[in-house]
Amino acid sequence: PTEVVGLDSAGDNTFSSFAIMVRPVESLGNDADAWKKFAENETTLVGLALSREQAIEATNFDPQMAGTATQAAIMAMILGWLAMIIYLWVRFGQARWGLAAVLCLMHDVLIIVGLVAISNLSWVYDSAIGKALMIQPFKIDLTMIAALLTIIGYSVNDTIVVFDRIRENRGKLATVTPAIINASINQTLSRTLLTAGTVFVVVFVMYVWGGAGLHAFNYAFLIGVMFGTYSSIAVAAPMLLGFKGMMHRSMDNQPQPAGK
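In short: position in the sequence shown from 1, add 293, done, that's the numbering used here.
One or more hints might be untrue.
[Claimed, not checked] Okay, the calculated beta carbon distance ranges per label pair:
(1) S344 x L403: 45 to 53 Å
(2) V339 x F493: 46 to 54 Å
(3) G503 x R460: 32 to 40 Å
(4) T468 x K432: 40 to 48 Å
Please keep in mind that the hints were generated in silico from the structure rather than gathered at the bench.
Heads up, the beta-carbon is just placed ideally off N, CA and C, and yes, glycines get one too.
Can you build the whole structure from these sequences, using the hints too?
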């Protein structure tokens, strides 16, 4: 039987040093020479194992550590969205710009999570199309969360480019009109498609030849690039008109003073 005992705890079930305890199945009794020979043999094996240079992939985590990491990642995502709302509110002068961008990001994240869930269906990854697309039963783990955070950064950058052009075309006008949004999208369309196409090609190469370690990350990134580009063009900007209509309806429903 073998047991690894952690020493000098660094917190969160991690240790800066450890000891390996080995006990033979058969009892060695009080034979000092037998114990010495056994200890020398085990010390040699442990020394060889520790000096061996080999990449090790951790596939199982302690539930407490995994839960802590997941909570931290979710909190980072929420705080990032709040920071984006505040930043866009300050930059563009109205909260609806930030809300439109964050709702667009939620749209992207939900699509990615949904397609990751679909990849776990046997009739998807076992089908001819699934095998051709190299789809596997992916999981929502730390690698996938890293991909989601990366897509959030990519998508919001693309959205801000469109928003900047809308603000420039609006000039000193008080409101944003459908004509301004349409013109702004057309003016930034080539830049958006060229950027997305370049990123897509790079990520696709990594998805096909990047190895198993990056396969899940690149799967989510490919989906995010496609739908992030779509949402920046067809979701984020039109939401500005939606919020504008909601504000106008809210003002129209306010009670009017008597006599009017």
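Tested hints:
{"no.": "1", "hint": "S344 x L403: 45 to 53 Å", "result": "holds (48 Å)"}
{"no.": "2", "hint": "V339 x F493: 46 to 54 Å", "result": "holds (48 Å)"}
{"no.": "3", "hint": "G503 x R460: 32 to 40 Å", "result": "holds (38 Å)"}
{"no.": "4", "hint": "T468 x K432: 40 to 48 Å", "result": "holds (46 Å)"}
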